[in-house]
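There are 2 protein chains.
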Amino acid sequence: MKKQGILLIISGPSGSGKGTIVGQLCEKNDFALSISATTRKPREKEEHGVHYFFHTREEFEQMKERKELLEWAEFCGNYYGTPRKYVTEQLMQGKNVILEIEVQGALQVKKIYPEGVLVFMVPPNLEELGRRLTNRGTEDKETINMRLRRALEEMELVEEYDYLVINDTVEQAAEDILTIVDAEGMKCSRNKDIKKIFKGEM
Amino acid sequence: MKKQGILLIISGPSGSGKGTIVGQLCEKNDFALSISATTRKPREKEEHGVHYFFHTREEFEQMKERKELLEWAEFCGNYYGTPRKYVTEQLMQGKNVILEIEVQGALQVKKIYPEGVLVFMVPPNLEELGRRLTNRGTEDKETINMRLRRALEEMELVEEYDYLVINDTVEQAAEDILTIVDAEGMKCSRNKDIKKIFKGEM
Numbered sequence: 009m010k011k012q013g014i015l016l017i018i019s020g021p022s023g024s025g026k027g028t029i030v031g032q033l034c035e036k037n038d039f040a041l042s043i044s045a046t047t048r049k050p051r052e053k054e055e056h057g058v059h060y061f062f063h064t065r066e067e068f069e070q071m072k073e074r075k076e077l078l079e080w081a082e083f084c085g086n087y088y089g090t091p092r093k094y095v096t097e098q099l100m101q102g103k104n105v106i107l108e109i110e111v112q113g114a115l116q117v118k119k120i121y122p123e124g125v126l127v128f129m130v131p132p133n134l135e136e137l138g139r140r141l142t143n144r145g146t147e148d149k150e151t152i153n154m155r156l157r158r159a160l161e162e163m164e165l166v167e168e169y170d171y172l173v174i175n176d177t178v179e180q181a182a183e184d185i186l187t188i189v190d191a192e193g194m195k196c197s198r199n200k201d202i203k204k205i206f207k208g209e210m
Numbered sequence: 009m010k011k012q013g014i015l016l017i018i019s020g021p022s023g024s025g026k027g028t029i030v031g032q033l034c035e036k037n038d039f040a041l042s043i044s045a046t047t048r049k050p051r052e053k054e055e056h057g058v059h060y061f062f063h064t065r066e067e068f069e070q071m072k073e074r075k076e077l078l079e080w081a082e083f084c085g086n087y088y089g090t091p092r093k094y095v096t097e098q099l100m101q102g103k104n105v106i107l108e109i110e111v112q113g114a115l116q117v118k119k120i121y122p123e124g125v126l127v128f129m130v131p132p133n134l135e136e137l138g139r140r141l142t143n144r145g146t147e148d149k150e151t152i153n154m155r156l157r158r159a160l161e162e163m164e165l166v167e168e169y170d171y172l173v174i175n176d177t178v179e180q181a182a183e184d185i186l187t188i189v190d191a192e193g194m195k196c197s198r199n200k201d202i203k204k205i206f207k208g209e210m
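Which chain is which? The protein sequence lines are A and B, in order. To convert, take the position in the first sequence, counting from 1, and add 8; that gives the numbering used here. To convert, take the position in the second sequence, counting from 1, and add 8; that gives the numbering used here.
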């Protein structure tokens with residue numbers, strides 16, 4: 009019998025390096041990346057079912073009503089959300105799934121899917137975060153300061169998370185996430201069949 | 009600041025191979041083994057504070073009253089228990105501590121020390137357990153059957169445990185326990201200082 013995959017919900021401040029690590033886990037470790045649904049128009053080269061699931065407002069609102077979304081939010085007049093179907097299909101096939109998402113959405117998902125594993129990723133300290141944001145060279149000083157303040161705000165919710173991963177190097181942080189997934193796979197709550205196996209019922 | 013160690017509470021049926029794995033973790037990975045207190049007389053070569061803490065009945069009863077024991081039980085007219093002091097001293101020094109203990113005692117410890125990590129260790133299946141007990145060559149068929157029945161009884165409580173480790177090979181099982189300890193070290197509940205670090209308070 010195939011064991012169900014683990015849903016990993018990763019949050020962390022902008023500049024924490026989440027994106028790089030998630031990319032590596034999908035590429036090297038065969039994690040599936042959750043695909044968001046949105047009502048915004050597809051940009052050039054964006055494909056339905058690859059980059060996003062593109063929907064009309066009416067379709068999206070139906071998905072909300074039918075509880076087909078693990079979380080959703082509205083930004084700049086467009087809906088964004090996580091369709092439950094794609095995620096559960098992957099998990100049922102035994103694949104681990106990653107959801108990279110901001111704090112409020114992450115806590116919504118955990119409520120609906122408590123077996124999900126919440127990981128908060130941070131750089132070693134605030135100075136390092138400032139350094140990384142500066143080195144990107146894409147944002148002015150004011151925006152960077154806003155991001156640093158936002159990081160401190162988000163950290164207020166860190167206690168709601170299951171695990172803290174300190175991203176000192178990409179290799180170590182990716183390794184840490186694999187350790188978490190391995191340990192979670194040994195949770196008794198994910199191995200309830202063991203009693204049946206011992207009783208000879210499986 | 010030194011991080012506190014993790015208390016690992018390991019149970020599992022006789023023949024699951026707990027003892028071998030615990031020995032290896034203490035020897036190779038520098039885990040501290042919890043030392044029990046008892047009122048039974050020391051055997052030859054047994055040293056106080058090494059093999060056991062030897063106490064009179066009066067002393068032991070005082071320890072019980074003063075809540076100085078993480079768990080205790082009476083067998084064949086003697087008290088056995090786990091002194092909290094030795095365990096917490098090791099943990100405060102940042103050392104991981106192992107407590108190898110039967111199911112009822114393990115659940116007592118978890119109640120008093122919820123940060124403790126409960127690990128249930130089993131062989132891959134009941135046939136393998138029977139084979140291992142037979143291969144020991146120290147017990148007759150009746151005793152082995154009694155141990156197998158007892159194993160099934162203990163497994164009824166597996167859901168109270170945090171993790172299930174299937175001891176297929178000693179190397180893999182020891183590795184699994186190290187994975188669990190590493191992941192537990194990343195739990196947000198064990199890293200509450202991160203907020204202070206980011207706020208520059210540490």
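I should point out that these hints are in silico values taken from the structure, not numbers from a laboratory. Some hints here could point you the wrong way.
Note that identical chains are pooled: a pair holds if it fits in a single copy or bridges any two copies.
[Unchecked claim] Straight-line alpha carbon distances no greater than 20 Å define the calculated EDC-like cross-link-like pairs of lysine to aspartate or glutamate that follow:
no., residue 1, residue 2
1, K149, E66
2, K204, E168
3, K36, E67
4, K195, E162
5, K149, E82
6, K49, E82
7, K195, E123
8, K200, D176
9, K195, E183
10, K75, E179
11, K118, E73
Hints broken by the structure, by number, lowest first? Hints 1, 3, 5, 10 contradicted; others consistent.
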